[in-house]
Amino acid sequence: MEQSKKSTQDNLLEVKNLKISFKTDEGIVTAVDGIDFSVRQGQTLGIVGESGSGKSVSTWSIMRLLPKNSIIDENSSIQFQRKSGKTVEITKLKTKSKELREIRGGEVALIFQEPMSSFSPVYTIGNQIMEAVLQHRDVTDQEAEEIAVDMLDRVGISNPRQRFKQYPFELSGGMRQRAMIAVALSMNPSLLIADEPTTSLDVTIQAQILELMNELQKDLGMSIIFITHNLGVIAQVADEIEVMYLGKILERGTTKEIINQPKHPYTKALIKAIPRLDHLGERLTAIQGDIPSPLSRPVGCPFYTRCDDVISGVCDVKMPEPTHLSDTHTVYCFLHEEKDV
Amino acid sequence: MTSNNYPTLPPPEKDLNESEEAKRYYSASQFQLIWWRFKKRRIAKIGALVLIIMALSGLFAEFFGPYTGTTRVSESVLVAPQIPRFCNSEGCTLRPFVPSTISKRNPETLRMETKVDPSVRRDIYFFVEGEPYELLGFFPMNTHLFGVEEGTIHIFGTDSLGRDLYTRTLIATRTSLSIGIIGVIIAFILALIIGGAAGYFGGWIDYVIQRLTEIVRVIPVIPLYMGLAAAFPKEWSSSQVYFAMTLILALVGWPTLARRIRGKLLSLRGEDYVIAANLAGASPSRIIGRHLLPAFSSYIIVDLVISFPYMLLSETALSFVGLGLRPPTVSWGVLLQDAQTVRAIEQAPWLFIPALFVVVAVLSFTVLGDGLRDAADPYQV
Amino acid sequence: MVKFLIKRTLGMVVTMFFVSIMIFVIMELPPGDYAERWAFRKFSGTGAQITEADLDNIRANFGLDRPAPERYLTWIKDIVLHGDFGQAFAFQTSVNNVIGQKIWLTLAILFSTLIITYTISIPVGMYAAVRQNSVEDHALTIFSYLGFALPNFLLALVLLYIMTTYFGTSVGGLFSPEYADEPWSKGKVLDLLSHLIIPAIILAWSATAFQLQTVRATMLDELNTLSVTAARARGVAEWKLLIKYPARLAINPVISTMGFDANRIFSELPIVALVLGLPELGGLLLKSYLDLDMYVAGAILLILTFMIVFMNFLSDILLAFLDPRVKLIEG
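Residue numbers (this note's numbering), protein chains in the order written: chain F, 1041 to 1381; chain H, 288 to 668; chain Z, 48 to 378.
Just so you know, the hints here were simulated from the structure itself, not pulled from any lab data. You may find that some hints are simply not true.
With a straight-line Cα cutoff of 27 Å, these simulated BS3-like cross-link-like pairs (lysine-lysine) come out [what the hints assert, rightly or not]:
#1 F/Lys1136 <-> Z/Lys334
#2 F/Lys1108 <-> Z/Lys233
#3 Z/Lys54 <-> Z/Lys124
#4 F/Lys1205 <-> F/Lys1138
#5 Z/Lys124 <-> F/Lys1136
#6 Z/Lys124 <-> F/Lys1205
#7 F/Lys1126 <-> F/Lys1205
#8 F/Lys1312 <-> F/Lys1258
#9 F/Lys1108 <-> H/Lys327
#10 Z/Lys54 <-> F/Lys1132
#11 F/Lys1134 <-> F/Lys1059
#12 F/Lys1059 <-> F/Lys1258
#13 F/Lys1205 <-> Z/Lys291
#14 F/Lys1108 <-> F/Lys1063
#15 Z/Lys54 <-> F/Lys1138
#16 F/Lys1138 <-> Z/Lys287
#17 Z/Lys50 <-> F/Lys1134
#18 F/Lys1063 <-> H/Lys327
#19 F/Lys1358 <-> F/Lys1063
#20 F/Lys1308 <-> F/Lys1258
#21 Z/Lys50 <-> F/Lys1205
#22 F/Lys1123 <-> F/Lys1258
#23 Z/Lys50 <-> F/Lys1123
#24 F/Lys1134 <-> Z/Lys291
#25 Z/Lys54 <-> F/Lys1108
#26 F/Lys1056 <-> F/Lys1108
#27 F/Lys1126 <-> F/Lys1063
#28 F/Lys1108 <-> F/Lys1134
#29 Z/Lys124 <-> H/Lys521
With beta-carbon atoms standing in for the labels, derived distance ranges [said to hold, decoys possible]:
#30 H/Trp491 <-> Z/Leu57: 16 to 24 Å
#31 F/Glu1142 <-> H/Phe488: 29 to 37 Å
#32 F/Glu1255 <-> H/Phe488: 35 to 43 Å
#33 Z/Ser181 <-> F/Gly1125: 37 to 45 Å
#34 F/Ile1111 <-> Z/Lys54: 26 to 34 Å
Glycine residues also receive a C-beta, built at the ideal position from the N, C-alpha and C atoms.
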């Protein structure tokens, strides 16, 4: 407890008890169910989970970008430390407020999985970077253009002056993702949310982009939340990892802890599913079944329907309490709770 | 699947893996699925109901109407609608009645004028004997759903020749709906053959058909219809004109349908299961009949329903200006010829009643078509 | 760009060529031949007896004795090279004289209708999309259904009825009586404009209903694209990003259907013209069909179709300017 208090000091972002639901025709659906996470200055937090686990929803809420039918529970808290040093409660901001607009882009930037559709097809790359720069920096058009071209150069785009005048569809997928990163970084944010930034790319280009992000983080000293369904990718970039499943966090720890000593059956299963060069010849094991629909969310531990080690009469009754294995490593599983007791 | 890139929103389907409902759902045919989804759409169901009522009342127009459409009563020319009621100044009864009418010659204009006389009541009786007619054109009958024993009952009024507008409107409903149905069917057969050939074979056949549909589509539709209708010989009988009209509606209506069928076929042709069938050596006719037709039959039905109102509106417009159906054939457009000028409507506003039928029919077809389209769309639940 | 223009112009010429053949077929369709109808017109009531020889004379005069392809060539050659649309028998003069100024009136009606359609449907459709599922949105959907179900000519009758019954004014025609036969002047133009409003509103009725739905649907699609969320994530103000991203793209389908709108308007024009008594090409077309004055009808059909094809051409060019993706496809 003492330790977490100390670490709060240098936390850039502190999310507590975040609960997000959506109003749909079928009723209210809970996508994120009471999760906590925090991001420290200059560090990378990885969030892993299958699609539908709520990882995008929870991070988009940091920028209040969720659609109108979404509800953030009133007991949820998202504390963000602004550049000025002041801490704001994001959930209390009005969606049209000036403060939120300053934070969006200027302090928290977002890059998406699909770089093609995140650019508007009818404006040039340059136009869209300049829009971002002019929005958050007090510069002239001329200066904004220089910043934009410089940023394109920095993310490794050749001929930046020419690319500046091109349309998104004239660039390759990898180039577009670099351009997307350039847009985000041109606003000089303190937190970058990367929502599956490499999923739609070829493996070689994936590696290039990951390397680029590592490099830029070192240069610019920003924090990153990296969202992916691929544990293999996240191991290369993250300092800490949270494993999400069906709107809940099942395990959290440093990258080393999660990769080397996974405790939750789900985390173990995810790691078994990563193809590895040093284990050639071994079969990859897939997790049985599909992720249940949030509409028919299982009672108890969300993973029990697919868990090999399910304890019937326990797992399907209530959600396990957190078990602290170390200062940084926490797991939510009855298998370990018993040992703890 | 969708391009909507909001953070993976919860999939809207219910978890169907294990329930009984799921088994039903997975084993249901495509049409059952559409039907289940359609049943949820109230407005579309109302549209369907209205159309069924219209079709039935048109089919049995002579039974539902108290007169036959051709009876002229010279002393009841341009009678205003006699509205059924239960009460008058003398009190209320359970039996509905209409106020009587009196015809008098206007001493100034020397024209016969008919006024409603609320003091005399004409009781309405049901299943009364009246003018003989042939039900569905076959069965001689003389029972009408309702009628009066003395005097007249014109709930929509009469036209300038003293004919009962209500009965005539019902008969017109039959004509207008049937001409639309036949027109749509012919257009559809043409579209299926031509669009199907273009979509399935592609190449030069596709090119020629594309050009042809493009040309038919740039010429303004109603003027084109009119040009074709203007060529009807004056001596043609009304049934000849009727069939010629269905042909014209079909001829001008097929390109849109053909285009859609072609587009759908082109996209289906690239589907994996069709390619698989091709690789397995299935013949074109087998692929079309076994894989393609079932896959888009629901789209076809939706398209048919959607193209229906265009046919209705075109027929009405053409007959309205005198280039379509001609008296003695009665259709909505023919009836509205009497309401062509403001003066006519001012004198007898009830002559405009058939227009309400046009509007209601088109509206019903549109909401029905929209409902069916949404129900047939697998990406919407 | 030059290549693009040439390609589109050629496409237009090819389309018009096929259209002219189809229109010629329509002109030839009515039973009996042109000579008989011409003679009947000219001599009926005069008591003159027409012999077969007279008819042959007339046929030779008009070149009707030659085969159809040859007649088509003469007809189209006169139109293309000399702008001569042939002989109108109902008016005992050339088609050009009959049509004359009516072309400009028709264009005036077309453009005032288009202007009304777009100034209403674009902003209102966008508004409905932004306020999806609000009361206003539902009201507009109902209006759109009505716009489709109540044909323009019936709307015209309803409006006329209301005006004459409740306001005691009639709104037929395009000119006040005092200007009808006057030469063009500033007063006459203003008079025309004031008379144009009613027919333009009536003709815009269904076109507006249709475009409203198109704009609304595209706007909804665009509102849900990632590029809008991306702009929002950059901190761009809501109204600013609405205009810059979805609104900008929601106009494209409107532009690409300009020709289609013109088609719709011309399609409804003859009947509305009949109800309102408008002295333009649509009404004349209807009259010439009823009189079987096929040279006039053919000429009008050709002119109207050309206007539509030209609108298509214009919308293609406009779209190429507005949407960079179009240029990429066209090369």
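Query raised in the report: Which hint numbers doesn't this structure obey?
Result: 1, 2, 4, 5, 6, 7, 8, 10, 12, 15, 17, 20, 23, 25, 27, 29, 31, 32 and 34
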